[in-house]
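Enquirer: Residues per chain are reported as follows:
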Amino acid sequence: MMAVLERLKRFAAQARAILARDGDVADFNFYCSACEQRVARFNFTSELACRGVEELKSDATQGFALRLVMRGDGPQVAEASVCGDLSLEEVAKALKRAKQTTVCDRYFPGLPAPPPLRRPSARPEPELLRLSDAALAEAAWRTVEGALVEAARAEQTSGKALGLVLGGDISVGREEMALCSSRFEGVRADQDARFTASVAALVEEADGKGTAGAAGRSAGQLCRVVPGLGRTALRRALALGRGVRPAPGKYRLLLGPQPVAEILHHVVVPSLTAESFYAASSAYQGRFGLRVMDRQLSLADEPAARFGAIRRLVTCEGFRAGRTELVRDGRLLGLLASFQDGARLWADEQRREKLGRGADRLDGLVPNGGYRNGEAGLRSFDAGIGSAGTNIVMSARAGAVPERLARAVRQGLYVGRIWYTYPINGQRAGDFTCTITGDSWLIEKGRAGAPVAPNCLRINASAVELFAAVVAAGNRRHPALVWGAPQVYYVPELVVEGVALSAVEQPAAP
Amino acid sequence: MDLFTAIDLLTAEGGDFLRRFVKAQASAGECELRAEVVVARRAVAVNGEARSAGETERCGLGALARLYANEADPSAGHAGLEGGRELLDRGRMMRTVGGLLAASWGRARCNARGRARARRRFGRGARSLAGAAVEPAPVLFYNGKAVFRDDPSTADIAGLRRLACLASGAAKAAAPGVVFNAVSILTELHRELFLSSRGSVIIQEFAFSQADVYVVAQRAAGYQEIYDTIGRQRGMECLAEGTTEGGLADHPDAVAFARALACEASELAAAPRLRPGDGEVTVVTDPHFNALLVHEIIGHPCEADRALKMEAAYAGRSWFLRSLTENARGRQVASPLLSACSDPTIEGYGHYRYDHEGVAGRRVSHIENGIFGEFLNSRATAAVLGARPNGSARASEACLVPLVRMSNTFILPGEDDPKELIGAVDRGFYLCGHLIPSIAESRENFRISARRVYEIEHGRLGRLWRGASVLADSRRFFMSIDGVGNDLRLFAVPNCGKGQPMQTKRMSNGGPTLRARARLQGG
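Sequences listed follow chains A and B, in order. Residue numbers are given in our numbering: position 52 of the first sequence equals residue 55, and the series is strictly consecutive. Residue numbers are given in our numbering: position 390 of the second sequence equals residue 420, and the series is strictly consecutive.
Bound conformation, chain A alone (with noise of 0.2 Å):
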């Protein structure tokens, strides 16, 4: 049977000889995806009947799409897709349909013509693809069961049962998609697989809450890394058990990776995209080129990062997938853009009050991100050209060992978790609220003091303030996940001063 990538590369050069023979098309593009997510769910609660890892279940599908510049006057632009059916018949039934949904578009800017690959695009079919539905239930069941084995040893010694609950899931992704362009030659195609796994676990016994995460591109990795996060979420859930609540007001704070990644992902990534800057909601708007952040740090997409939970080549609008620098030194020096929003807003009458003086220098964007990124991340064929990220890296100039950290907090908290991370006041004004979930202690005299009762903090700022009032940041990046995001960030922990929390107050019983 050939394999799926072969077959789409294969349907692509297929298609491509039908759209090339219509005298009514001037340029097009034809893309096609399969992509597959399986996920194997953990739901344990001690006290509560459950089953442990809910129902595997996966979603797959394929299907195609194709946009169209019509001949005549104006730029008649059209598109139509199609799922499931990957024949030629349905080609040429779709280029009708989408003759049929022609709009005249003054703005757009034409097909994009990227420049040809230095190399194959294609790389070899990631062993992850062909993990199978045991070895996926088998490292589900292996992390329940090392939640369990730790929870034995706890209850033991403290003779308390400990009102366990373990919730999370693992997720194995694949993609693969072909595309081929009047504007090109060839077919250009990429493919990935990827896993995330996340586990959270709760001692509803002291109020304690602790989580663990892993990605990654292998089999091998999920197999050997993903069944200790079971053990690790309930050891740091024990450790962090019985905290204390402290008093609102405002706080040096040291947050750690997944904070970071989760105010990046909610709050600064949308507003560093050529799409917002267009639609003139960007929280960096008229900052183009100005310090944005604290000078120590900087922020790029890498999606060739060797150490990237990620790893594509080529963007779906054909585009060798490059790095995109977005901050440097806290300089605004770019934006995630795929050529058609890039293209737009270089060409708006107010580029330059919504860009800043700073994009006076610049010829243009660079289209290093248009994806077609669905629900679950993956790139779909029936998802609109977005711009979008996929390992987004920040780093720290002169970053500090953890312990030095702690002590440029002296007196503050350490920030483990945080969740509900939402831009309030709407994402143009950068203001962010959350509550911190669990992960988290006092910081007492530059040392870890009491952990901190989870969900009794709420953080209320400004995201804009906080990323440009860092006071130390760690020298190491590490990953950290963001639920339902569609990159995977590696981020370093950071100091930042003056943080406005407000209590939450303790639920009665009900």
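The set of hints was computed from the structure by calculation and includes no laboratory data. Small disclaimer: the values here were computed from a predicted structure and weren't measured. Keep in mind that a hint or two might mislead.
[Claimed, not checked] In silico SDA-like pairs for lysine to any residue, Cα to Cα no more than 20 Å straight-line:
hint, chain 1, residue 1, chain 2, residue 2
1, A, K163, B, D32
2, A, K253, A, E508
3, B, K53, B, T126
4, A, K96, B, D32
5, A, K253, A, A472
6, A, K96, B, T126
Go by the hints and put chain B onto chain A.
Expert: Same frame as chain A, now just chain B:
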């Protein structure tokens, strides 16, 4: 042949196929098969000009196997896919269904092995792995049709494009300072099939038409973004003409809606940001604000999977349940003036007759006169709670696993005239329209931002402010309610996210005007 024929094909042959499949297996078990054909048409306009238009169709399939491997409580497996016209070929359809059933059964077996091993190895430490039964569903036959005047599956795309351009153009010209707007118009027809190996055959059809409007306004004083939606289980007629049937979910036409939103954004961009004090104040919240309040603080925590801590790693637990013995059932959680329910049987964006486990949807009373009542549940969570299934397990697509979901979830109306609720306030704030929520882990605390905030002084509305949110502990806020309006409204919610993989579901939420005490937080 249209793609809806795939449902006919499966209706005719799928039931027997399922029963034969289950019979052929060595272990006892049951299977469910869901299929859904969606035909969707959409158009997008930006700043008054057409940006894109198109149509899609797809056929989703999902198979769920429950395997009773020497246990009363089953292990489950699932497999789903999205396909298209290739599934109109009978042979290909049945081969695909057979593949999904085999995959789901195989996964259930893998899972059963893991569970049996964990129970053997941990004994008492894994005792909760026994007893996770699934409440049975009755065998049902139903065939229901969608309600619409203009068939979404044959809607004229040029018409959608025209409406999107008109609405976007109206927003652009509506008021000074509107620097960007985007309007998306869509209309969809869904036909769903539920088959169980026990014999149920349920066909339901839904029409959805929806307009999403995003506006950014910039004035000398500041800027304001607003995003909002109107939608109805109808054809395009509801967007082109609006609905004035006197129902709870009436809305204006798409052009008037976009224009009003743009005017509001422009007015707000010129308004100052509120810098409130620290203490609690009297707040009167309007139905649109309360739609988000009920969604986040009553609806989600009433989902039994969340209450039973199955969502603990994602969207948290519920302030209504700590354990089976320590929970809110039968206890006071709000002022006696407050009642709230979910009701899929009434008209709204969350209307349906049967859920995706083959159980009839019914009205579920969450809070009655301040006393907590019932959770929304699935067949599995009902069994754990010792409750009857109430038909609340739904997936956003047939290829995905059903989760416990809200339907039309709202606060019931009271007897107060909203004007009198404001009129009786000596000093306070009137909050209109919701923007964005943030909630604590068990939803026992929240911060929800409002679009418009008016000062109330001596019973009269004063100055308009922007950038403020209500910050409160949930029970304290609900207990402080001293007035409930008689002006219940329902609003379409197009994008409620839940689960892993994330499922985005449509529903409606709403309520009447409320008066309570809370802190306000500025921007």
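Enquirer: All hints, please: hold or fail.
Expert: Verification of the hints:
With a C-alpha separation of about 62 Å, the suggested pairing of A:K163 with B:D32 is violated against the 20 Å cut-off. Proximity of A:K253 to A:E508 is assessed by CA-CA distance (about 18 Å); at most 20 Å being required, the pair is judged to hold. Between the alpha carbons of B:K53 and B:T126 the distance comes to roughly 19 Å, so the proposed pair stays at or under 20 Å and holds. A threshold of 20 Å between alpha carbons decides the hint, and for A:K96 with B:D32 the separation of about 13 Å falls inside it, so the pair holds.
With a CA separation close to 13 Å, the supplied pair A:K253 and A:A472 stays within the 20 Å bound. For the hint pairing A:K96 with B:T126, the CA-to-CA distance comes to about 23 Å; that exceeds 20 Å, so the pair is violated.
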